[in-house]
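One letter stands for each residue in the lines below.
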Amino acid sequence: MDWNLLITQLLNGVQLGLLLFLLAAGLTLIFGIMDFINLSHGSFYMIGAYFCGTIAAKSGSFLLGIIGGMAGVFMVGALVEWLIARKLYRSDHLDHVLVTFGLILIFDTSVHMIWGASGMAIPLPPFLDGQFTLGSLELPLYRLVIIAAGLLVAAFLYVLVSKTRLGMLIRAGASNRVMVEALGVNINRLFLVVFALGAMLAGLAGMLIAPITEASIGMGNDIIIIAFVVVIIGGIGSIKGAFYAALIMGLLDTLSRSYLDDVMKLFMTADYAETAAPALSAMLVYILMAAVLAFRPQGLFPPAGAK
Amino acid sequence: MLGRWRSLSGVTAKVYALLLGLLALAPFIFEWINQPFYLDLLSRALILAIAALSLNLILGFGGMVSLGHAAYIGIGAYSVGIASYYDYYNGWLHLGLALGISALFALITGAISLRTKGVYFIMITMAFSQMLYFLLLSLEEYGADDGLVIYQRSEFPALITMESSTALYYWVFAVLLLTLLFIQRLVYARFGRVIVGAKFNETRLQTLGFNTYRYRLLCYVLSAMICSVAGVLLGNFTEFISPDMIGWARSGELIFMVIIGGVSTFFGPLLGALAFIILEELLSKITVYWHLIFGVMLVLLVLLGKGGIVGWLRRFDAPSAPAPPSTVPRKTGETPPEDA
Amino acid sequence: MLAKTIRTALFASALTVSSLAHAESVKIGFITTLTTPAAVIGEDMKNSVELALEHLDHKMGGRDVELIMEDDGFKPDVGKQKADKLVKQDNVDFVAGFIWSHVLLASANSVLKADKFLISANAGPSKIAGKRCHKNFFSTSWQNDQTPMAMGEHLNKQGVQSLYIMAPNYAAGKDMVAGVEKTFNGEVKGKDLTKWGADAQLDFSAELAKARSSGADALFVFYPGKAGGAFIKQYQQAGLRDEMPLYTVFTVDSIGLPKFQQGKLEGVLGSKMTQQWSPDMDNPANQKFVADYLKKHDKYPSFYGAQAYDSIMLIASAVKAVGGKLDDQDAVRAALKAADFASVRGKYTYGNNHMPIQNFYLREVVADADGRWTTKIVDTVYENHQDPYAADCTM
Numbered sequence: 001m002d003w004n005l006l007i008t009q010l011l012n013g014v015q016l017g018l019l020l021f022l023l024a025a026g027l028t029l030i031f032g033i034m035d036f037i038n039l040s041h042g043s044f045y046m047i048g049a050y051f052c053g054t055i056a057a058k059s060g061s062f063l064l065g066i067i068g069g070m071a072g073v074f075m076v077g078a079l080v081e082w083l084i085a086r087k088l089y090r091s092d093h094l095d096h097v098l099v100t101f102g103l104i105l106i107f108d109t110s111v112h113m114i115w116g117a118s119g120m121a122i123p124l125p126p127f128l129d130g131q132f133t134l135g136s137l138e139l140p141l142y143r144l145v146i147i148a149a150g151l152l153v154a155a156f157l158y159v160l161v162s163k164t165r166l167g168m169l170i171r172a173g174a175s176n177r178v179m180v181e182a183l184g185v186n187i188n189r190l191f192l193v194v195f196a197l198g199a200m201l202a203g204l205a206g207m208l209i210a211p212i213t214e215a216s217i218g219m220g221n222d223i224i225i226i227a228f229v230v231v232i233i234g235g236i237g238s239i240k241g242a243f244y245a246a247l248i249m250g251l252l253d254t255l256s257r258s259y260l261d262d263v264m265k266l267f268m269t270a271d272y273a274e275t276a277a278p279a280l281s282a283m284l285v286y287i288l289m290a291a292v293l294a295f296r297p298q299g300l301f302p303p304a305g306a307k
Numbered sequence: 001m002l003g004r005w006r007s008l009s010g011v012t013a014k015v016y017a018l019l020l021g022l023l024a025l026a027p028f029i030f031e032w033i034n035q036p037f038y039l040d041l042l043s044r045a046l047i048l049a050i051a052a053l054s055l056n057l058i059l060g061f062g063g064m065v066s067l068g069h070a071a072y073i074g075i076g077a078y079s080v081g082i083a084s085y086y087d088y089y090n091g092w093l094h095l096g097l098a099l100g101i102s103a104l105f106a107l108i109t110g111a112i113s114l115r116t117k118g119v120y121f122i123m124i125t126m127a128f129s130q131m132l133y134f135l136l137l138s139l140e141e142y143g144a145d146d147g148l149v150i151y152q153r154s155e156f157p158a159l160i161t162m163e164s165s166t167a168l169y170y171w172v173f174a175v176l177l178l179t180l181l182f183i184q185r186l187v188y189a190r191f192g193r194v195i196v197g198a199k200f201n202e203t204r205l206q207t208l209g210f211n212t213y214r215y216r217l218l219c220y221v222l223s224a225m226i227c228s229v230a231g232v233l234l235g236n237f238t239e240f241i242s243p244d245m246i247g248w249a250r251s252g253e254l255i256f257m258v259i260i261g262g263v264s265t266f267f268g269p270l271l272g273a274l275a276f277i278i279l280e281e282l283l284s285k286i287t288v289y290w291h292l293i294f295g296v297m298l299v300l301l302v303l304l305g306k307g308g309i310v311g312w313l314r315r316f317d318a319p320s321a322p323a324p325p326s327t328v329p330r331k332t333g334e335t336p337p338e339d340a
Numbered sequence: 001m002l003a004k005t006i007r008t009a010l011f012a013s014a015l016t017v018s019s020l021a022h023a024e025s026v027k028i029g030f031i032t033t034l035t036t037p038a039a040v041i042g043e044d045m046k047n048s049v050e051l052a053l054e055h056l057d058h059k060m061g062g063r064d065v066e067l068i069m070e071d072d073g074f075k076p077d078v079g080k081q082k083a084d085k086l087v088k089q090d091n092v093d094f095v096a097g098f099i100w101s102h103v104l105l106a107s108a109n110s111v112l113k114a115d116k117f118l119i120s121a122n123a124g125p126s127k128i129a130g131k132r133c134h135k136n137f138f139s140t141s142w143q144n145d146q147t148p149m150a151m152g153e154h155l156n157k158q159g160v161q162s163l164y165i166m167a168p169n170y171a172a173g174k175d176m177v178a179g180v181e182k183t184f185n186g187e188v189k190g191k192d193l194t195k196w197g198a199d200a201q202l203d204f205s206a207e208l209a210k211a212r213s214s215g216a217d218a219l220f221v222f223y224p225g226k227a228g229g230a231f232i233k234q235y236q237q238a239g240l241r242d243e244m245p246l247y248t249v250f251t252v253d254s255i256g257l258p259k260f261q262q263g264k265l266e267g268v269l270g271s272k273m274t275q276q277w278s279p280d281m282d283n284p285a286n287q288k289f290v291a292d293y294l295k296k297h298d299k300y301p302s303f304y305g306a307q308a309y310d311s312i313m314l315i316a317s318a319v320k321a322v323g324g325k326l327d328d329q330d331a332v333r334a335a336l337k338a339a340d341f342a343s344v345r346g347k348y349t350y351g352n353n354h355m356p357i358q359n360f361y362l363r364e365v366v367a368d369a370d371g372r373w374t375t376k377i378v379d380t381v382y383e384n385h386q387d388p389y390a391a392d393c394t395m
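Residue numbers (our numbering), protein chains in the order written: chain A, 1 to 307; chain B, 1 to 340; chain C, 1 to 395.
Same shape as in the complex, but just chain A (with noise of 0.2 angstroms):
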């Protein structure tokens, strides 16, 4: 056993984990408190990270291309819960399926309008683009401050849900929206602020991403069935539990990755371990999550009285 190796997956596992919490995060929220299911939200991830590369390369610092990037995430998000999402909290999941479908269509071909099919490589600042040495132990630098990132805003979520009054709204929201809106709060600031702070957070993993794999067209309809896996194995609205099933996530596709063929070749040929392995780690997220919900269909972390 390789243990430095093992300590690197692990570490790429988390990292995994905690970019699917960013997108989860928002997802959840979305889901659990105006039972709105966003297929876009995969898009605010993608035009995230566009919007980071160009404000980067024009400005040169990639610092003021995160910031600017979340503002305009931020503000894309709020205007899509103003002129399309508002309109459809009460009406039927189908239609949610449909609108956003529609919307990931507009997003994308805009893309390719805008920045061409090509996508867009980010140049990470020399000082994030180092090795980081531990023993014997060496990582890319960059991979870490995506964890510390991570944390950070899981930090931040957990203090803001826990401890602010909008986090009690929406905490409040997410296990009884009816009670929340019978209180007179103002439903529909909650609800935009809501929305355009999920798409916001699924922005920042996008730009956190981008410097890693480039951004391109169609970047966020691949992770984003992803998120949806980890929305309902944590229990829908359940930021905590997106949190978890997020780390879960990262870890089982990063550690099957890497250790499944090993496994599979104890009992059977190399050369079939080698083509299964693959096939058999892509499927085991969903494997997961039937299993799940065929056991315990409100996820493993429902919010605290949620129905």
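Since the hints were derived computationally from the structure, they do not count as laboratory data. Here the structure is a predicted model, which means the values were calculated and not measured. Hints are all accurate, no fakes.
Covered, in the sense of this in silico footprint (three residues per stretch, anywhere, with C-beta under 8 angstroms from a C-beta of chain B), are these stretches of chain A: (1) 83-96; (2) 108-119; (3) 229-240; (4) 267-278; (5) 289-296.
All C-beta atoms in this analysis are idealised placements derived from N, C-alpha and C, irrespective of residue type, glycine included.
Since the structure of chain A is already known, use the hints to place chains B and C on it.
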């Protein structure tokens, strides 16, 4: 029989009759104006219409929103493809395989999925179809993601061969008619009334002594089997199969066809599939950025147009026209009163 | 009845307009991907096809040329639908293009059954080169195995003892791995086939960590399209450049390089790959193609573009050879098979399976005189190499 079409009167009924008439004559019309390509386009649209009709049975009438229905198209198409790969060309065998395997797959996944409701059901059906997708992707023998070419269509007796485009078209048209008729009869039968009733008030039906879970499961299996026949036809039509046929976006497209046409209506999915294919063909001719126009249309459809094409047609009818056996509930399948 | 009359009138008028306007022109249908992120490849091919037609002055063998460009949307069934349309409705003489194997496989029957010529400018699944070869199918590209086989030879020449291999888990990915393993004599220390498809894996941290800990001499990868960019970035960020030199096939090309340069990924400079063509090739046809492309689009064409350009030039040579009389199919076929045109990769010939028999070169990523990143040929690995499937073809 005809008495049962009572919900179809006035303009709507005339449009349906005209449509079916046109579809029956389509090969002659296209031959007459020398546009054989449009027959291919129409065949594809009708095959997808059969799949959409089968989806509407569970989604519209049963309130079970599946985001994994394309899996059954895949099972049907792969039944043709894999059997042909081993030089078994008998069409009845292909149909039998498709029906059998889809029924089995639907029985197992349905038994698990139907323990859940609403959005959970959406996600779990998607999960099962994704598993099948990755399985097919890893089957190198059958081409993996490169897919498999079907060099010969399913063999049927001379009278009902599907060799030529026109013959295949009439196969598709016949299956379409049978499907329309079957679903219509099923929904008006006691079975259908239980399914539709369970969508609105499951507890009440359970109190009446119906095992709604079993009814739902049977409905799910029937829908899957119809969809697999669409898959057999699609495999024969494209003469090619690949895992691409069952991605979740394909299942999404089936849902759009149902909604564009009109949820829980008998003809809606057919109209929706036709509209979908025609739009795709027309818009993609205008600009490579046609997805933008399509996206805007979807958004506007939801914001402005309720009830899809059928809903729009019905506005031309007298306001007293009787409603279909069910209308769309506010929240599909999301009313679990007993386990609240 | 009224509706029917209107339909008929509409279709009839559309028909007469199109048949009047182009009664005498050579019709070429070109299918490629113009939507989805893969559009970046399709646009490069489209640009090159348009440039080829400009260079031909839109004429072949004295006849006008009508080009009908179709988008396959990266979906096999849509590709087939477009092929049907080109053959049945537009009645084209040639169908060319095709980036993806699965789209070509799905469409080939429609074209070949209708007795039209099919010219693939990129896709070439091994079946169509072997058992299922067809008299009317021609390719201007290569077989998947050939390029990695050339790379294996080069690694042997370099004295590389051990190798770590990474590729996506799909048909072409496995072909590439099999190709390099066929010729490489050293030890393969490890191999990763990563998730591909709709939600392809783009984070290679786990695999790169494994590669590093394997202690192999060198890294061989195949990551086409956007995965290539993602891989190169992470390879650089992992700091592997000095430890494990990178050898690639179809991963670094003119589509990705401007982006890498903009993103300051110096790690890619000096990396080696094998290919049958390079922008710096020293022949008049290539110089004209590359210079004009550069002038028009302010970037280098990719190998996809070069092959698309060749596909049009190949068709032009055949139409010219038969004096524009396309009715004589045998003559057209013989003319295509002769490949008597100035290919941008230099002269090549066709094998019995209508796949090119051609040279494969070693290329290196360098900056050109203007500082623009591109590739340069540094060695010839194979001369007149024929694909291994030709033997299975009974033509």
